Amino acid sequence: MIEALRTRLRGAVADDKATLLSYSRDASPERAMPLAVARPAHEEDVASLVAWARETGTGLVPRGAGTGLSGGSVGSGVVVDLAGLDHLRLRADDLVATVGPGVVNGRLQDALRQDGLFWPPDPSSRPASTVGGNLATNAGGPACLKYGVTRHWVLGLRAVLGTGDVAAAGSLAMKDVAGYDLTGLMIGSEGTLGVITEATLRLLPLPPARGTVLATYDDPAAAAAAAHRVRTSGVVPEALEFVDGPTLACVEETFSLGLEAGALLLSEVAGHPEAVAGELETVAAALAEGATSIETTTDPEEGARLWRARRAAFGTLAHRGKDLLVEDVSVPLSGLVSMVDRVSEVAADHGLEILVMGHAGDGNLHPQFVLREGADEATRVERAVEAIVDHAVSLGGSMTGEHGVGTVKSALMRRALDPGALAAMRAVKAALDPDGVLNPGKMLP
Amino acid sequence: MRGTEACVGCALCQPVCPTFRETREEGASARGKATLIEALDAGEIDAGDPGLAAQLELCTSCWACEAACPAGVATRDLFILARERRAPTLGERLLRAVLSLVYSTPAMARALLWAVFLPLRGVSIPARPEPAVSAAPGGDAMLAGCLARWAAPEAAAASAATLDRASPGWRPAPDGLCCGAPLVNNGLAARLPTVAEPLLEWLEKNRPARLVTPDATCAATLRHEWPGRLPGGLAERWAVWRDKIVGLREVEGVRFPEGDAVQTACHRAHAPGGGEPSDSCCGFGGTFFVRNPRLARRIGQARLAELGEDVMVEGPGCLAHLKRLAPEGTRVRFWAEE
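Sequence lines, in order, name chains A and B.
Mapped onto my numbering, the consecutive letters of the first sequence carry residue numbers 1 to 445.
Mapped onto my numbering, the consecutive letters of the second sequence carry residue numbers 1 to 338.
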């Protein structure tokens, strides 16, 4: 069967054990041995793969860099490694770039920087993750607060649908309301409706100046109140990040940054130098009330220093146990404190260590589970995740803000989504992937 | 030591990995290798599996992955150990036999390394780097390193001139004395005593104040690989010398020139306490260049395209590699060259 596939592709197909093993995981705890790893060389290869998958009833698992946290790029079918589709064409006059899905976000930013441009989506996986993966998961990141999510920065795309048809959606134009928003539908569909083979990205000029402010508080409630003041201050910062006290204590153990506190907020403004000076003042004033310490800077090196506690948090927690499970819920702004409180309750109830950081500005929080392979830990974690998701949904929030559903959260869809909405999603899936060959078992329960 | 179980799978090792950047194959990245080693531990893959061998060798040993890993996985130790554990193929046995022969005695190393590096250097008999004034008792000594000595003699000459200014009266370590980095990186760490014994004997007899080397790989191997890998008696004798190993650019009075287009020495930048990580390995990687010559060339060419037309190189091996690949009009020079 794999031999037959090989003859149909220009790109390579590997099925040796070592290759299969190395593609058996991503950044989630999920593991699955694929049947083969195909590396399409162009869009025609992707179309051939879909045709072959429909003929043989084999699942295809599209994969970028495998940095997803929900198991979306792991599966037992044929993993489609899209690294080879890495063309990049910049249309600087239009502030647009047309790229293959395999282009690494960080490399794209390096290339754009030379023309004074950038593409706003900034997931923390940015140095490694691909544009295709960012689109498939509608990736977020700190800068979503100002710019919105990945979906807002894509003007159009090409995809091979599960029907085998190639669809070119959208255009090069900034405004385009012709028909259904097929581009928007494909973005965030986690490879379950089509395989994206090209994307037209909307770009922005790089802001010439930046300002950073770091503030600490006695408790998350004081930080949440400050975050709300920032959000109503008339300034939209590029980032407004939150780190809880226990995470800070862990960072402090390793780095001694002098940041012992009950909560930390970090905000960044970016733009014209004169605007940055004024905006930084406004944001700092909004953060100052109730703060136990506050520092501001417009110096890039100092700025990097202020970011250190936030940036080091992931690595510090990754060092803490045997493994780290990064959860992802999203709540309305008013629900921030309630969500943080609920996480510590849940942690105590289930005998787990769960620390919280995330994006205070848009209510997207990441409870981080420090795993130690204790007795029945897997079950306790599952229960805790359910309790946290239930609370987010009860506050009017979402079961996932930016990491996606994949297999890790697929079972929670029924708890968290309206039955009518789920039925409509199934109808879309049936129409665009009638044989169910695209990323089977992902997202829809 | 943080083992493969500590890997959280974040893939931040991918963008810093020279072989991954060029091949975009998961097995080239440290995450892919960690997964394979985990499978090897669990008995899910055979130690003689040819795919396992090929993926473990898709590594220039630049250790950028270890410097970039947020979870602190000890990739250097893990990968070196895995190379020792995998069952050697016929070609691998041949390579190991050659390496064992080359590093069996200083005389053999002298004779054979001159020949081994012919393709990188061209036919010439490089002059031995000598101090301008004769050695003073209690002065420094310099170990030029096999690569500077036989692959990039201009680096050895420039290093000698630099040390003449900073620490006149130094003495050269005799040709053939070696840190044994190729042994460590090719699953032959057990043979380190054959290179450690003659170097220790010379140091103990001549008692230089410090052993200076322009090659960051020699410095890193002597400082970080020897202490944990030498057997008891040798390890004890080495403890006296370990902190007297000094990189040439660290010698007081030596100025490392600032510049944009610098090919950093990975083994200085990625050693414990090395500072800013290197932008990228040049693709040389010692025996990596022998095992994967085409990939080594591709990585080097891609690196040259990034660096531009005037490239300053910190490592002697990287210098020989990039010089050989440099297109016409591109100047590649050693940092200590005038």
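Worth flagging that the hints you see were computed from the coordinates, not collected in a lab.
All values derive from a computational prediction rather than experimental measurement.
A virtual CB, placed ideally from N, CA and C, is assigned to each residue, including glycine.
Hints may contain errors.
Stated by the list, open to error - Just the calculated beta-carbon pair ranges, DEER-fashion:
#1 A302/B / E55/A: 37 to 43 Å
#2 D110/A / R331/B: 21 to 27 Å
#3 K244/B / D219/A: 51 to 57 Å
#4 D110/A / A127/B: 57 to 63 Å
Unchecked claim - From the derived model, a few chain A residues whose C-beta atoms are all more than 12 Å from chain B:
#5 S24
#6 R25
#7 M33
#8 A51
#9 P120
#10 G170
#11 M174
#12 G278
#13 T282
#14 A288
#15 S293
#16 F314
#17 L417
#18 G436
#19 L444
Each hint, compared with the structure:
Distance hint for A302/B and E55/A: a CB-CB separation of about 39 Å, consistent with the stated range 37 to 43 Å. Here the CB-CB span from D110/A to R331/B is close to 24 Å, well matched to the stated 21 to 27 Å. The supplied range of 51 to 57 Å is met by K244/B and D219/A, whose beta-carbon atoms lie about 53 Å from each other. Here the CB-CB span from D110/A to A127/B is close to 42 Å, at odds with the stated 57 to 63 Å.
In this structure S24/A is not separated from chain B by more than 12 Å, as the shortest Cβ-Cβ distance comes to only about 7 Å. Remark: the non-interface label on R25/A conflicts with the geometry, its nearest Cβ contact in chain B lying 6 Å away (cut-off 12 Å). Separation of M33/A from chain B is inadequate, the least Cβ-Cβ distance of about 9 Å not exceeding the 12 Å criterion. No beta-carbon of chain B is positioned within 12 Å of the beta-carbon of A51/A; the least distance is around 24 Å.
Consistency note on P120/A: stated as away from chain B, and its beta-carbon is indeed over 12 Å from all of that chain's, at 19 Å minimum. Every CB of chain B is more than 12 Å from the CB of G170/A (nearest about 27 Å), matching its label as outside the interface. At roughly 31 Å from the closest C-beta of chain B, the C-beta of M174/A stays outside 12 Å, upholding its exclusion from the interface. At roughly 34 Å, the least C-beta separation between G278/A and chain B is larger than 12 Å, which holds for a residue marked as non-interface.
Distance check for T282/A against chain B: the nearest CB is about 34 Å away, which clears 12 Å, and the non-interface claim stands. With 12 Å as the threshold on Cβ separation, the claim that A288/A sits away from chain B holds: the shortest Cβ distance comes to roughly 32 Å. With a least CB separation of 26 Å from chain B, S293/A remains clear of the 12 Å interface cut-off, as annotated. The Cβ of F314/A sits about 6 Å from the closest Cβ of chain B, inside the 12 Å cut-off, so the non-interface label is violated.
The claim that L417/A is not at the interface with chain B holds, since no C-beta of that chain comes within 12 Å of its own (minimum 27 Å). With a least beta-carbon separation of about 26 Å from chain B, G436/A lies farther than 12 Å from that chain, consistent with its non-interface assignment. The claim that L444/A lies off the interface holds: its Cβ sits roughly 24 Å from the closest Cβ of chain B, which is beyond the 12 Å cut-off.
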